[in-house]
Amino acid sequence: MLLKPEEIAQLQRQLRELPHFQLSEGDRQVIRSANQAIQAYLGDPHAINSVRDALAHLKATRNEIAHRATAPSAPERTRPAYTLDEDDNG
1 MLLKPEEIAQ
11 LQRQLRELPH
21 FQLSEGDRQV
31 IRSANQAIQA
41 YLGDPHAINS
51 VRDALAHLKA
61 TRNEIAHRAT
71 APSAPERTRP
81 AYTLDEDDNG
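According to my numbering, the sequence shown is numbered sequentially starting from 1.
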C-alpha cells in the first residue's frame, strides 16, 4: 500500500511551514521520528502505518507550534482611546 497523493502533499506542506517557527527539542524529536518513519517506509512499503502515525504526530505538533507562536507571551495593558482630563482652561 502506498501513501496517497494528498498525504504526500500534506507532509510537504507541514514540512515547508516548520522552519517559520521556533522549535523546541520536543518538536525536533517529533520531526526526527517522522523522518525515521519515512525512511523505514522507503525501505519497506509495508511500514505505511508508521508513516501515517508520524504524519498525525507531525500535524498535531505543527498545530501546537502555530498556536504557541500566536499566543501572547504576556498580557498587554489596554490603553484607553482617550482620557477625561480637565480642559486646558481650567
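Rather than coming from a laboratory, the hints here were simulated on the basis of the structure.
Do not rely on the hints blindly, as some may be mistaken.
What the hints assert, rightly or not - What follows is a list of derived Cβ distance ranges for each label pair:
| no. | residue 1 | residue 2 | range |
| --- | --- | --- | --- |
| 1 | K4 | P80 | 52 to 62 Å |
| 2 | I8 | A81 | 48 to 58 Å |
| 3 | F21 | T78 | 23 to 33 Å |
| 4 | P5 | A40 | 53 to 63 Å |
| 5 | N63 | K4 | 17 to 27 Å |
It should be emphasised that the depicted structure is a prediction, and the values quoted were computed from it without experimental measurement.
From the three backbone atoms N, C-alpha and C, an ideal C-beta is built for every residue, glycine too.
Note to self: Quick check: does the Cβ-Cβ distance between I8 and A81 fall within 48 to 58 Å?
What the structure shows: 50 Å, holds
Item checked: Consistency of beta-carbon spacing, P80 to K4, with hint 52 to 62 Å -> Holds, at about 54 Å.
Notebook entry, point to check: Between N63 and K4, does the beta-carbon spacing fit 17 to 27 Å?
Noted result: 20 Å, holds
Notebook entry, point to check: Does the Cβ-Cβ separation between F21 and T78 fall within 23 to 33 Å?
Noted result: 28 Å, holds
Note to self: Against the range 53 to 63 Å, how does the distance between the Cβ atoms of P5 and A40 compare: consistent or not?
What the structure shows: For A40 against P5, whose Cβ atoms are near 20 Å apart, the range 53 to 63 Å is violated.
Checked against the numbered hints above, the structure breaks only hint 4 and satisfies the rest.
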